[in-house]
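So the protein lines, in turn, are chains P and V.
The first sequence maps to residues 1 to 335 in our numbering.
The second sequence maps to residues 1 to 289 in our numbering.
Just so you know, not all the hints are guaranteed correct.
Said to hold, decoys possible - Only part of the chain V face toward chain P is listed, based on derived beta-carbon distances under 10 angstroms:
1) T103
2) D128
3) P134
4) L137
5) G147
6) R148
7) G247
8) V251
Said to hold, decoys possible - Derived CB-CB ranges, DEER-like:
9) V:F188 x P:R86: 55 to 63 angstroms
10) V:Q184 x P:P255: 33 to 41 angstroms
11) V:R192 x P:L84: 53 to 61 angstroms
12) P:Y92 x V:G189: 45 to 53 angstroms
13) P:S242 x V:A66: 56 to 64 angstroms
14) V:R192 x P:L126: 47 to 55 angstroms
15) P:Q116 x V:P202: 51 to 59 angstroms
Stated by the list, open to error - Computed far set for chain V versus chain P, every beta-carbon distance over 12 angstroms:
16) P44
17) G76
18) A139
19) V141
20) Q184
21) I263
None of these hints come from the bench; they were simulated from the model.
Ideal placement from N, C-alpha and C gives every residue a C-beta, glycine not left out.
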Amino acid sequence: MSTVEAEGAAAAAAAPDEGRRRGRLAVAQAVARRLIGALLVLWAAATAAFLAVYAAPGNTAYILLGTSERSPQAVAAVTAQWHLDRPLVTQYVDYVTGLLHGNFGTSYALNAPVAQVIFSQLGPSLQLALAGAVVAVGLALLSSVATAGRPWPSKIANAVEVVLVSLPEFWVAILLLFGISFRLGWFPIAGAYGFPSLVLPALALGLGICGMLSQLLRNGIELSLEEPYSLTARARGVSDLSLRLRHSVRHAALPVIHLTGYIVGGLLGGVVIVEQVFSRPGIGQTTLNAVNSKDLPVVLGVALLGSFAYVVISTIVDILAFLIDPRLRFANRRL
Amino acid sequence: MAADLLAAPAARRDTRRPARGRVPAGVLLALLFIALTVVVVAFPGLFTSKGPLAADPLNVFQAPGAHHWLGTDELGRDVFSRTLYGARYSLYIGVAATAISVTVGVMAGLTAGLGGKVTDEVVARLLDVIASFPGILLAVVMITIVGRGIPTLIFALGLWSVPRYARIVRAETQVVRESGYVEQALTFGLSRGTLIWRHVLPHAVRSIPILATMGLGFSILYASSLSFLGLGAQPPSPEWGAMLSDGRNYVENAWWISVFPGIAIVAVVLAVTTVGRYLQRRLDNRDLI
Numbered sequence: 001m002s003t004v005e006a007e008g009a010a011a012a013a014a015a016p017d018e019g020r021r022r023g024r025l026a027v028a029q030a031v032a033r034r035l036i037g038a039l040l041v042l043w044a045a046a047t048a049a050f051l052a053v054y055a056a057p058g059n060t061a062y063i064l065l066g067t068s069e070r071s072p073q074a075v076a077a078v079t080a081q082w083h084l085d086r087p088l089v090t091q092y093v094d095y096v097t098g099l100l101h102g103n104f105g106t107s108y109a110l111n112a113p114v115a116q117v118i119f120s121q122l123g124p125s126l127q128l129a130l131a132g133a134v135v136a137v138g139l140a141l142l143s144s145v146a147t148a149g150r151p152w153p154s155k156i157a158n159a160v161e162v163v164l165v166s167l168p169e170f171w172v173a174i175l176l177l178f179g180i181s182f183r184l185g186w187f188p189i190a191g192a193y194g195f196p197s198l199v200l201p202a203l204a205l206g207l208g209i210c211g212m213l214s215q216l217l218r219n220g221i222e223l224s225l226e227e228p229y230s231l232t233a234r235a236r237g238v239s240d241l242s243l244r245l246r247h248s249v250r251h252a253a254l255p256v257i258h259l260t261g262y263i264v265g266g267l268l269g270g271v272v273i274v275e276q277v278f279s280r281p282g283i284g285q286t287t288l289n290a291v292n293s294k295d296l297p298v299v300l301g302v303a304l305l306g307s308f309a310y311v312v313i314s315t316i317v318d319i320l321a322f323l324i325d326p327r328l329r330f331a332n333r334r335l
Numbered sequence: 001m002a003a004d005l006l007a008a009p010a011a012r013r014d015t016r017r018p019a020r021g022r023v024p025a026g027v028l029l030a031l032l033f034i035a036l037t038v039v040v041v042a043f044p045g046l047f048t049s050k051g052p053l054a055a056d057p058l059n060v061f062q063a064p065g066a067h068h069w070l071g072t073d074e075l076g077r078d079v080f081s082r083t084l085y086g087a088r089y090s091l092y093i094g095v096a097a098t099a100i101s102v103t104v105g106v107m108a109g110l111t112a113g114l115g116g117k118v119t120d121e122v123v124a125r126l127l128d129v130i131a132s133f134p135g136i137l138l139a140v141v142m143i144t145i146v147g148r149g150i151p152t153l154i155f156a157l158g159l160w161s162v163p164r165y166a167r168i169v170r171a172e173t174q175v176v177r178e179s180g181y182v183e184q185a186l187t188f189g190l191s192r193g194t195l196i197w198r199h200v201l202p203h204a205v206r207s208i209p210i211l212a213t214m215g216l217g218f219s220i221l222y223a224s225s226l227s228f229l230g231l232g233a234q235p236p237s238p239e240w241g242a243m244l245s246d247g248r249n250y251v252e253n254a255w256w257i258s259v260f261p262g263i264a265i266v267a268v269v270l271a272v273t274t275v276g277r278y279l280q281r282r283l284d285n286r287d288l289i
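All chains, full assembly: derive it from the sequences and hints.
Take a look at the structure:
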């Protein structure tokens, strides 16, 4: 496709406006392609969820009725009420249109809309995920900026981070709960009542991700500090700290930004585990209760929501990175 | 041209990597620990005479001491013996899950990399879909559908890691396919099967053992997390996550039930990851030469 580029260059030489227009067109095309890809993934995830309900063992009508009554009349009534007698294609179309309207189906066990069940519990979980992200990113920035390029501090920090990455979140949570809440009594033992009850769960959630981020950032900063532009900046009299904060971190942040989706996934999964240890209300409790009562629509709703969050956030991040970093734009146009 | 000169240092490799042929002490220690763990998995009876399920109602909540090295739990079971036997679950689940994801991942990656444009696009999108679900939630969905138990756990963890291997194999296959030596092999009149088996596959899978080593660590970590949530190995069995799930109720009076299985998880994951990272550095070094 280098001919396109050559044409673009020729056009740019002939008429600058024409070249710019072509450049914008290429950007728009790349963004559109990324958006279409994201929509396809969302659609496929929804289809997989629908097929999961359909393929799940056991008659849905029996699951809905529980063990109490299985008379033919009751089964017929439930089948009609839940539209289980309609053709599969109709059920599928209904399901997907429902999703587009924010309707994730109806909970088997609670007999309430799944969306309502999930969204009523979403607040504390989002708080925790956000706090975990702040802990992870904050500590990672602190550790990487302070230790990058310094032999001994970076060795020690690296060793600590390797351990952090290998720690199971639930064990960290148990140790924090035991050591700090029970023994020292600094933070509440359970529940979700304001900031103090958020500190330890956020630490348990964020430390592992912090270990991973910090290693990536440090590596990026160290590479950046060896670049000629860092030498130039130093020669200009830029202080070491300012060089690290204003130039190196930016340089190191790019590869990390592309991991945003992965981090979101880690946070969402971790929230389920950490909430369990700290007896926090939220998505985690809802999900585990739903597993126990075989409430597939609720479990799938949570999973789909996680998948949607992942796709939407990583798409936005990719497009932003693409718009901000001209190097990616050129790389993409060559494809 | 000036831009090329400026860009050159960016491509320079990290020079602080270990010299070839010398294995760092930490990696040796990790290998030794893994070997010890394998011996424990094979012959736990060599290290402890007590059964992992043998309850002793007269000796509940004994602190670590000469008789019970790591203390006893709420039923008087020996924590040391339970932790040793627990290694079986972690290694079994981790190795089986990794085997599934490597097999499926390599096949999916080869299919995408060697197939036509449509096949490639379909496989790549399917991988995107799997990767879009947070791993824990993917496992939770499968457990709700199929039911709890170790086989479901293995399958869920295996499925979750498929994209990790498939994407690498797909990318490497596409690189090899475009390369001169495959083109030349084609001119020799090699059959497609021979070409793939002898020339494409070895190149495409060269980083898989390293990824699999790291993946094994993550599988062990997440298997214990799911068992902790009560979704994997079930309580009487001495799985580390399940032990912690029980032990945390007594953490105030009997910390040892919750501390030692956790240390076991961290030690095994750390050892496996250390070896994986070392192999990764070695591979990066080889690229340089």
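Where does the structure disagree with the numbered hints, that is, which hint numbers, in rising order? 1, 11, 18, 19 and 21
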